[in-house]
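Asks: Here the protein sequences line up with chains A and B, keeping their order. Its first residue numbered 2, the first sequence is counted upward by one per residue in our numbering. Its first residue numbered -7, the second sequence is counted upward by one per residue in our numbering.
Mixed in with the good hints there might be a few duds.
What the hints assert, rightly or not - A short, non-exhaustive set of chain B residues, derived as facing chain A with CB atoms under 10 Å:
#1 -5
#2 23
#3 95
It should be emphasised that the hints constitute simulated quantities derived from the structure, not laboratory data. Glycine included, every Cβ here is placed at the ideal spot set by N, Cα and C.
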Amino acid sequence: DAKTTQPPSMDCAEGRAANLPCNHSTISGNEYVYWYRQIHSQGPQYIIHGLKNNETNEMASLIITEDRKSSTLILPHATLRDTAVYYCIVRVAERGNNDMRFGAGTRLTVKP
Amino acid sequence: EAGVTQSPTHLIKTRGQQATLRCSPISGHTSVYWYQQALGLGLQFLLWYDEGEERNRGNFPPRFSGRQFPNYSSELNVNALELEDSALYLCASSLVAGAFFGQGTRLTVV
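In isolation and in its complexed conformation, chain A is listed as follows (with noise of 0.2 Å):
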């Protein structure tokens, strides 16, 4: 069901930036793309999301190519709290034809 392609892992050092890829070839002109992560079976936290621009928030980076068929997720100084799973999804913004898809995720391990 969904719409997206994630590595299933990747490590990253503690202070280094952790660079998560997703790739979502079939993204329609009004889906939007999200990133959530899951910290050890405890509710999905929102992150950031963007139509075509790069985004940026307190907590990540957002880089959508200019085809918009992938983006990445970037974490610019990772830290142990950071260790988590990373779903990217893609979902239009239009109320009533917003239905959410989360594939497997890519678990990041940050390491001291």
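Please arrange chain B on chain A, whose structure you already have, making use of the hints.
Replies: For chain B alone, coordinates are given in the frame of chain A:
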């Protein structure tokens, strides 16, 4: 502002019983999504309600059902519980763009 709340936090049932899980969305959100997450696995889409109507359901048997009330809160009912229904059940709410999750109900079937 209160986030998405789910109750109960933990629920233990015996095989064959029924379980009822509840979700209160963020104020103003009209959509509620339900997911099942078995231990160590990903989020499996169960049900989506919007404005009181079921909009879509995932690949689950009919004994998984639910409803959304006029205040947009929602219930998930699981009948004839089986051992493999043991999982974390997550609810999310949304209006248009962002969706936010509760902390889940851990259902254990013994």
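Asks: For each hint, tell me whether it holds in the structure or not.
Replies: Hints, one by one, checked against the model:
Taken as an interface hint, residue -5 of chain B checks out: its beta carbon lies about 9 Å from the nearest beta carbon of chain A, inside 10 Å. Given the 10 Å rule on beta carbons, the hint for residue 23 of chain B holds: about 7 Å separates it from the nearest Cβ of chain A. Satisfaction of the interface hint for residue 95 of chain B is found here, the shortest Cβ-Cβ separation to chain A being roughly 5 Å, below the 10 Å cut-off.
Taken one by one, the earlier hints all hold for this structure without exception.
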